[in-house]
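Listed in order, the protein sequences are those of chains A and B. If you count the first sequence from 1, position 252 lands on 252 in full-length UniProt numbering, and the numbers rise without skipping. If you count the second sequence from 1, position 146 lands on 146 in full-length UniProt numbering, and the numbers rise without skipping.
If you're looking for bench data, these hints aren't it; they were derived computationally from the structure. Just so we're clear, the structure is a prediction, and the values are computed from it rather than from any experiment. Be a bit skeptical, because a hint or two may be false.
Note that identical chains are pooled: a pair holds if it fits in a single copy or bridges any two copies.
Derived pair list, reagent style DSS-like, types lysine-lysine, alpha-carbon separation capped at 25 Å [to be verified]:
1. Lys357 <-> Lys367
2. Lys367 <-> Lys150
3. Lys147 <-> Lys357
4. Lys218 <-> Lys252
5. Lys308 <-> Lys281
6. Lys117 <-> Lys251
7. Lys218 <-> Lys308
8. Lys367 <-> Lys251
9. Lys281 <-> Lys251
10. Lys151 <-> Lys77
11. Lys316 <-> Lys357
12. Lys282 <-> Lys126
13. Lys316 <-> Lys218
14. Lys251 <-> Lys155
15. Lys357 <-> Lys126
The residues making up each chain are set out below.
Protein chains: 2
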Amino acid sequence: MDNSHPIYVASPMLPELSDLTSVLEGIWQSGYVTNHGPLHNQLEQELSNLLNVPTVRLFNNGTIALLTALKMFDFPKGSEVITTPFTFAATAHAISWNELVPVFVDVDPVSMTLDPKSVERAVTDKTVAVLPVHVYGNVCDIEGIDKVAKKYGLKVIYDAAHAFAVEIDGVPISKFGDATIFSFHATKLFTTIEGGAIATNFEGDAQTIYMLRNFGIKNENEVVSIGINGKLNEIQSAIGLLNLKQFPAEKKSRALLRAEYDKIFSQIDGVTVQSFSSNVKKSEQYYPLLIDETISPFSRDDLYEALKRKAIFCRKYFSPICTEFEPYRHFPVISEASVPTVYTIKDQVLCLPFHSKVEPGHLHMIKSVVDDFLR
Amino acid sequence: MDNSHPIYVASPMLPELSDLTSVLEGIWQSGYVTNHGPLHNQLEQELSNLLNVPTVRLFNNGTIALLTALKMFDFPKGSEVITTPFTFAATAHAISWNELVPVFVDVDPVSMTLDPKSVERAVTDKTVAVLPVHVYGNVCDIEGIDKVAKKYGLKVIYDAAHAFAVEIDGVPISKFGDATIFSFHATKLFTTIEGGAIATNFEGDAQTIYMLRNFGIKNENEVVSIGINGKLNEIQSAIGLLNLKQFPAEKKSRALLRAEYDKIFSQIDGVTVQSFSSNVKKSEQYYPLLIDETISPFSRDDLYEALKRKAIFCRKYFSPICTEFEPYRHFPVISEASVPTVYTIKDQVLCLPFHSKVEPGHLHMIKSVVDDFLR
């Protein structure tokens with residue numbers, strides 16, 4: 001391993017090409033290539049079993065899934081949706097694209113997910129929903145958010161793009177809230193290259209989402225809602241079915257990598273590694289560090305640059321935060337704290353390469369970079 | 001050929017699986033599976049050459065392309081977009097999803113595309129754009145629409161889902177208007193399974209659309225617009241590149257089929273076959289009949305049912321029309337005529353199976369069904 005083998009924060013998990021080709025032969029024979037084909041339906045069924053919810057609807061990507069989930073509730077235009085600024089831009093964009101208003105609220109310093117107290121502070125008579133993000137697979141304060149939501153009659157739509165197959169006390173994360181959105185993008189633990197899903201715990205949603213995903217078509221003669229095209233094709237569904245079999249192995253490999261990273265980073269002053277309650281079954285989606293440069297021997301940006309010089313490409317997810325982006329620059333971050341926590345963590349966070357293609361050579365190099373700082 | 005071989009209105013044109021597999025090997029080796037990969041970029045370049053426009057941006061489907069094209073112009077919310085009710089629901093939905101108002105206008109009895117006089121009648125001070133559809137590959141009255149658009153300062157966005165590679169006097173159809181949208185769905189002459197594109201004649205649009213398609217991301221640190229995820233992945237781009245080579249053969253085969261269909265139908269009283277000006281290079285996307293049952297020996301529905309009994313599945317595209325769908329039921333069809341032309345043609349139109357998998361046996365069967373009616 002040397003500089004000629006750069007390593008990135010994510011690497012797509014692909015099935016064996018020969019396995020895929022076998023399935024493609026069947027698709028080519030039938031000519032059934034999209035529009036809720038048999039492989040698509042099988043993948044929905046298998047995901048429904050895995051996520052333990054009656055309704056799973058596949059989408060061509062997680063953003064269109066989120067867009068559609070928000071549409072499903074038919075909120076009045078201009079209604080407010082409370083969300084976190086510490087997320088990928090798509091979370092906020094999906095709200096805006098539906099002519100709803102994102103209201104950004106502070107996060108908890110440990111889980112980096114929405115702080116329920118700050119959520120409650122942000123509620124107005126225009127608020128219709130909360131859109132919390134299980135960022136890095138960290139579990140949101142589900143109980144705290146649920147309490148606020150119930151008190152004010154709000155819907156809760158979880159963005160679980162990072163939290164595939166996470167369980168709490170043995171309960172899949174998709175059981176909570178009014179809907180949960182997954183992303184199956186190439187950077188995700190479980191991937192269909194591009195893709196996503198809406199999962200809900202309500203059987204009646206299945207038909208509603210089915211129609212919204214397919215132009216609102218009910219049958220050959222009826223279009224009953226203003227739908228979109230969110231269909232996932234058969235080829236990507238085939239990749240999903242094959243990847244469902246192998247993602248547990250990828251997860252195991254990442255768990256070992258996590259242990260190695262923890263060895264390198266957990267003893268350094270001012271560096272915080274990701275931690276989980278013992279009742280959480282992890283997704284192993286990301287390995288984020290929080291680096292407090294007022295204490296640690298190196299800053300976040302120092303480590304980022306030093307690793308970059310060795311062709312180890314980390315990402316400062318999610319910095320900048322949404323309210324630093326042009327479309328949301330005039331939006332405040334509502335917080336219980338005098339200075340929002342998110343302003344601090346956004347300058348501290350660094351996600352390391354986290355997948356089975358990170359080899360001992362990379363680990364060795366990362367360790368030597370860190371050792372140089374500690375010297 | 002018998003009832004055990006049903007034939008449908010469309011059948012996807014797929015590349016040889018072995019050709020695709022060779023390309024997939026390269027994708028698997030590089031791990032570059034989406035996010036504007038090399039095959040994606042090559043397909044955009046080849047389409048840009050074919051369509052003779054500087055800007056071609058691929059999308060995961062035609063609906064998301066249309067949604068994004070409308071977003072690009074940043075029309076004020078509630079603005080009106082004049083379109084045809086004689087189209088697939090996606091045309092109207094893309095307008096509505098952007099919080100714009102579709103205004104439905106009558107069509108010409110021959111081309112079945114927007115009637116410019118009716119368009120002018122529908123212009124109000126809220127009108128911002130016209131969205132004409134080259135339905136069945138029939139060319140809109142580009143000159144007439146352009147005149148109205150110029151007079152009132154309206155943008156023109158063509159829905160060319162049915163009009164891939166159509167040329168007028170040697171000029172590709174994408175040269176006209178402010179933007180042209182294509183669909184590359186499996187039912188289309190040129191297909192990427194699911195897919196689509198925005199083509200424009202303005203080089204400056206390329207970067208705007210690039211960013212809107214990818215979450216408004218300008219670079220690692222800047223998000224400058226409210227974007228969406230409209231990305232087409234590498235596998236589908238590979239299929240597109242292979243299909244670009246073979247669609248002319250498919251087109252030729254359909255042209256022969258058209259001649260056979262014309263022989264069967266063009267001499268029947270009350271039945272009108274599709275006709276084109278001599279300066280139009282056709283797309284060969286659909287073969288629509290107009291059947292005036294007050295004159296013809298059979299009604300549209302008679303023919304539809306009789307063929308269905310022989311497992312020949314036609315489609316009554318586009319009936320019902322958009323204003324018969326639940327979300328648009330209260331919308332009028334604005335027309336120069338006392339009774340809108342579209343009300344008449346919607347009950348007359350029938351699209352026959354039109355692709356290279358229609359065999360002499362099918363043709364024979366269709367002919368005998370027609371002969372039975374004529375007897």
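So, going through the hints one by one against the coordinates:
Taking the shortest Cα distances, Lys357 and Lys367 sit within 25 Å of each other inside one copy (17 Å), while across copies they are farther apart (61 Å). When the C-alpha separation of Lys367 and Lys150 is checked against a cutoff of 25 Å, the pair qualifies neither within a copy, at 47 Å, nor between copies, at 65 Å. Within a single copy, Lys147 and Lys357 get their C-alpha atoms no closer than 42 Å, and across copies no closer than 59 Å, so neither meets the 25 Å cut-off. Taking the shortest Cα distances, Lys218 and Lys252 never come within 25 Å of each other, neither inside one copy (43 Å) nor across copies (35 Å).
Taking the shortest Cα distances, Lys308 and Lys281 never come within 25 Å of each other, neither inside one copy (31 Å) nor across copies (53 Å). For the identical chains of this complex, Lys117 and Lys251 are neighbours neither inside a copy (33 Å) nor across copies (63 Å), given an alpha-carbon limit of 25 Å. Taking the shortest Cα distances, Lys218 and Lys308 sit within 25 Å of each other only across copies (21 Å), while inside one copy they are farther apart (52 Å). Within a single copy, Lys367 and Lys251 get their C-alpha atoms as close as 22 Å, which meets the 25 Å cut-off; across copies the closest is 60 Å, which misses it.
With identical chains, the CA atoms of Lys281 and Lys251 are at most 25 Å apart within one copy only, with a shortest distance of 11 Å there and 54 Å across copies. Taking the shortest Cα distances, Lys151 and Lys77 sit within 25 Å of each other inside one copy (22 Å), while across copies they are farther apart (32 Å). Taking the shortest alpha-carbon separations for Lys316 and Lys357, only the intra-copy value of 20 Å comes in at or below 25 Å, while the best inter-copy value is 52 Å. Proximity of Lys282 and Lys126 under a CA criterion of 25 Å is satisfied in neither setting, with 35 Å inside one chain copy and 52 Å between copies.
For the homomeric pair Lys316 and Lys218, the shortest alpha-carbon distance between copies (16 Å) is at most 25 Å, but the shortest distance inside one copy (44 Å) is not. In this assembly of identical chains, the alpha carbons of Lys251 and Lys155 never lie at most 25 Å apart, being 32 Å within a copy and 51 Å across copies at closest. Taking CA atoms no more than 25 Å apart as the test, Lys357 paired with Lys126 passes in neither setting, with 47 Å inside one copy and 56 Å between copies.
The structure does not agree with the numbered hints 2, 3, 4, 5, 6, 12, 14, 15 stated previously, though it agrees with the rest.
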